[in-house]
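If you're matching them up, the sequences are chains A and B in order. Using my numbering, the first residue of the first sequence is number 1492, and each one after it goes up by one. Using my numbering, the first residue of the second sequence is number 1492, and each one after it goes up by one.
Hints are computed from structural coordinates only; laboratory data are not their basis. Do not rely on the hints blindly, as some may be mistaken.
Claimed, not checked - Okay, the calculated bits of chain A under chain B, using three or more residues with CB under 8 Å as the criterion:
#1 1709 to 1717
#2 1784 to 1797
#3 1814 to 1828
#4 2051 to 2065
#5 2068 to 2075
Here a beta-carbon is modelled for each residue, glycine too, at the ideal position from N, C-alpha and C.
There are 2 protein chains.
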Amino acid sequence: MKRFTLLRSRGGPSTRAAMLFTGLALCSLPAWADEGMWTFDHAPLAAIQQRHGVSVAPEMLARLQAASVHVGASASFVSPQGLLLTNHHVVEGCVARLSSAQKDLAASGFVAQRAADELRCPGFVARVLQRTEDVSARVTAAAATGADDTARNAARKSEIARIEKGCSDEAQGLRCEVVPLYSGARYALHHYRQWDDVRLAWAPEADAGFFGGDPDNFVYPRFALDAALMRVYEKNGQPHQPAEHLRLAATMPREGELLFVSGHPGQTERLRTVAQLVSARDVGLPLDLAAARAEIAALHAFSATSPEAARQAQSTLFGTENWFKATQGEHQALQDPALLAGKRQAEQALRDAYRQRGLPGDPWADVAQANALNDKLQPQLWGLSFGYRTVYAAAIDLVALPHERGLPEGQRLAAYSDAALPQFERRLLAEAPFYPALETVRLASTLQRSLDLLGPNHPYVQLALAGRTPQQAAQALVAGTRLGERAERERLLQGGAAAVAASADPLVVLARAAWPLRRALKLQAETEVDTPIQRAAERIDQARYTLYGHSVPPDATNTLRLSFGPAQGYVSNGITHPWKTTWGGWWDRADSFDQREPFKLAARIDRARGQVDPRTPLDFVLTADIIGGNSGSPVVNARGELVGLIFDGNLESLGGNYAYQDHTARAVAVHAEAIMAALEKVYGATALAKEMRGNR
Amino acid sequence: MKRFTLLRSRGGPSTRAAMLFTGLALCSLPAWADEGMWTFDHAPLAAIQQRHGVSVAPEMLARLQAASVHVGASASFVSPQGLLLTNHHVVEGCVARLSSAQKDLAASGFVAQRAADELRCPGFVARVLQRTEDVSARVTAAAATGADDTARNAARKSEIARIEKGCSDEAQGLRCEVVPLYSGARYALHHYRQWDDVRLAWAPEADAGFFGGDPDNFVYPRFALDAALMRVYEKNGQPHQPAEHLRLAATMPREGELLFVSGHPGQTERLRTVAQLVSARDVGLPLDLAAARAEIAALHAFSATSPEAARQAQSTLFGTENWFKATQGEHQALQDPALLAGKRQAEQALRDAYRQRGLPGDPWADVAQANALNDKLQPQLWGLSFGYRTVYAAAIDLVALPHERGLPEGQRLAAYSDAALPQFERRLLAEAPFYPALETVRLASTLQRSLDLLGPNHPYVQLALAGRTPQQAAQALVAGTRLGERAERERLLQGGAAAVAASADPLVVLARAAWPLRRALKLQAETEVDTPIQRAAERIDQARYTLYGHSVPPDATNTLRLSFGPAQGYVSNGITHPWKTTWGGWWDRADSFDQREPFKLAARIDRARGQVDPRTPLDFVLTADIIGGNSGSPVVNARGELVGLIFDGNLESLGGNYAYQDHTARAVAVHAEAIMAALEKVYGATALAKEMRGNR
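This is chain A alone, in the form it adopts within the complex (with noise of 0.2 Å):
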């Protein structure tokens, strides 16, 4: 799921979106029965038994939620010895700190098979959420005291201070935190217990919690062992002993069993409007497809050249597949017709309560009139784009660079803030290879992608192909270009606007023209696009919780939440695909690949062939509603027991970013039994199964 970051910095403006989710749309739209992050203090219990004929019980709820832990991802006790289950991929960074390049743990796995040989974990806080407050009260009334929006923005920002450090106690391990909810229509204060002591208890092999590698990412069916136990000491080196931890379940879950999911998922963007997502299937990711299409067609050929071409180009058509594997998740999502019927209505439901209550303006009026001028600068950004970490980038980023940062902070394109700085210049500094012909290739469709959609006449193209095919244009200044070399890059970053105005390199040259042009355009974009759009939305989020309140939940703020939906397979592209995977199938994928990597087992996998029965399950998915940050999440049937632990979410699911369906969207999970399997019969971590088993 650690991908999932990559579609955020893809796409329109960055506003965020929110399913609306009336009474009425759920009578008439089944199908998404089971939207919704939901805070524990809010969760439709009544729905969920009127829906699924499942009665849960408030008291599980309260146990989930103190089992349930926050360490950066998700996780959650599962012994009363503190042991923490969790991610491989969660544990990854602390894996590769731990080793050495005499112990790699990374391709060894790791088992501590006693207490005192855990590792611990630098840099590790988990902390588990004790209660929640509502604080909309006095949070509001302080902003009320300012006279101005930025004196409103400061008195705001200062009670909240006042009342996180009111509660807070690092002495005990006590924090607490105001998350605003519906873009700061309410404030809700989190108490949180926390440790910084947190160690390594197993992990898998990378080739068996990241078996399939990035291939396998987003994929399902699916074939991971993508688990690890960490264990929370407090400060006098015991063991933590947790208020409550989770149960492995007496009883697996069958296909259709509804179940459950506490985590804590990043960020949501379900408020974009009908008008927004129609343009984002129409417009905006067609033009992204056709770009990445156009790339891969590209690197294809060129890759076929020889053997050598195609290792050059082997990561760049990675990437540029991954990406267009991403967004064509969300553009397949919104061609669903019943998808956008449900938001049309849900829009038109709050849109004519927003005007019953007499409440200011039209937002969803003005996002559609940005978003219209949106549609409209999308084609010409793309046409003045310069490829992704290409050598033409590079002559852009020094063009940038030493102009944006000449001006102040607030004049800026939001790109380049003092935080983001240095992260260019990172970039430009890298020791990367240079591959002349690979380059040429790349610069050529981006010069093809420029005169499509800009036309023969536009300045740019004029200046850029001056009478050249793209091909010839590409070859040329690929040919006289220095900026290859990491010396000349750096030569001209340190040299600033003086050094950069005076090269002769032609790629400079002809960033120095198109800068301005793309500049111009973005500014156009940020002002009159994603201001306006951004304010537009926070109206309606907020109008949103006046008219309906908690029936709804908010949009994902990285806190603890409930999702919950059956366990069920699916058909997409065509393809039946089961609501499960075994260890069987694990092995056929490793040797349909004739074990190549990233497709190769882990030796104790491979020889476990004979210790676990091939019908163990190993992965599973439901239609929980999941996104980025939900990693980790335990997964409980409707009596609170374990049942599995989320690690991804399908590629059909990407489109989840904004809306919510469960034809085809699915939460990815490993199976609750594979976890056992492993540990007990491959690893030889019997003391931790015992544990998790509670001595059964």
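Keeping the supplied structure of chain A fixed, place chain B upon it in accordance with the hints.
Okay, now just chain B, sitting in the frame of chain A:
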């Protein structure tokens, strides 16, 4: 592969298309290097040597041809005693006919332990192509004697009949057929020897041969033992001893190894021009997909209302999803910019050459013109469509049949030929359950489509909706109709035009108004689109032969062809697919679905877990250019040794109808090792296995 036929009934005008493949294109388009269903007498051996470094002996091809058999689909001799290898789905009809209520061979599978146990398949004819002969001069000379088109056609026909009769000899099992290639630019006389005593020797259970059922049709990764053995007998009751048979490969293939396929591809349509492909991509297929999506969404919503509703909708939903799946496969193929670029380049080359040779007119312009009209007609035709096998479609048939039958055949719409009429009647008189709620949902979806595509002011829409929503109109129409009753349909069918004109059934009343509107559109499409495109396509195809000769293969004609390509995995829709699957994966696919149909293992296959090594290959994919009719084709290595058995193409290969590409399109084959493991370790067919191994 049997569902390849599904594609034929959809889409725009039924033109044929050809991939124009010049030496020039070869150099710039290495990715499509292996296009072509080649006649054996013009196999591109030099190109294979050059591209793949693999030298193919002409003797290998001669032996392969002699061992290749036509049995409706494809097959091959695999022993000196006339043993014939083909697909399970090729013998499925025979197995059904040999079964009885007491003895269900489809369920139990069938193994003949001795030749005496083999069961004759009624109606099966096997034939082997002995040689071909160029009779173009004779046919063309005969045609030239005609004064006009009609006379020329008649002269051609009778010369062909004369040639065929002159060398056929039923008593000797010799049969001759003249096959037009390149739309009649060449005529090849095919000399066959044929046998009508073909007996079943081994067929696995349907749950093994057709494992995964319809859901896994067109799907890869695939897990099916789609293989069977038959034996060819001489008239004297002795097994036929073929001149050549295929021997099992001593070394099984590795990923990347170049392999060869010998079989009988039925029909390709690779003459479509770029204009047609672009319009299929941008107009025709999106309309199809939108219609399918809307119907699928409606059926899903209906299914969600109750388990009984889900049961009623199931088969329609599945059929629609299958259609969507196939159409999506075609659409995705056309979105590959490299595919269109290649087409465009080849088309331009041929067009230039056409003009330089002073050939008459510009058939591409003719196609483009007809096609532009087609783009306008398609949305209207979809707007005036009435559902697939709905009660409304029955009403339309009842109105259309007497009208068309009353016209001379030449003046009817093409679909209503004398030969086709009984089929319409059978469909109307079939006993089929009538579910009013389901019909209402489907009719509402149809009416919504008419409203969307034709607009609220179109006379048909006005009449059909009469101020109601599509939902309300559908409800009233279905509530009022009696066409759900077979007796009422029969009464109207027997009563003909008079009975139909007198009916007050609301669906018949609506159909009486709708049919003339659709008929006029359809007639316009046939005369102004289909006919001119067909004529232009013939001219293009003949010019292609005149200019390029046999360096480009002719479109498929259901005669023996050679294809080739490496065994190779691929990445599609973000999923990385291996080049082969294993028996372990087969068991996983069954276990992952909890062995629910159609993923239930045949009992013997389930029990084989102890006997067959799970690493044993089951199925595999290769890039060879195949299409419907290739079912049962042997796959051999460069030495002509048997390594597999074609049984399907993947979803991505569905674009193969009008263009070959090898990024993701794949032929799917049973691995020869899987067949031997099945015979030796699962079915106890020791004698048959020994026979195939040559008693090794």
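Point to revise | Annotated coverage of the region 1784 to 1797 of chain A by chain B, confirmed only when three residues or more have a Cβ within 8 Å | key: With 7 residues close enough to chain B, the hint holds.
Practice item. Between the region 1814 to 1828 of chain A and chain B, see if three or more residues pass the 8 Å beta-carbon test, and mark the coverage as holds or violated. Key: holds (count 8)
Check your understanding: Has the region 2051 to 2065 of chain A got at least three residues whose CB is nearer than 8 Å to a CB belonging to chain B?
Key -> Result for this restraint: holds, n = 4.
Check your understanding: Counting residues of the region 2068 to 2075 of chain A that have a beta-carbon nearer than 8 Å to any beta-carbon of chain B, does the count reach 3?
Key -> Coverage by chain B holds for the region 2068 to 2075 of chain A (6 residues, Cβ < 8 Å).
Practice item. Count residues of the region 1709 to 1717 of chain A with a Cβ under 8 Å from any Cβ of chain B, then say if the count reaches three. Key: With 3 residues close enough to chain B, the hint holds.
This entry satisfies every hint, going by the numbered hints stated previously.
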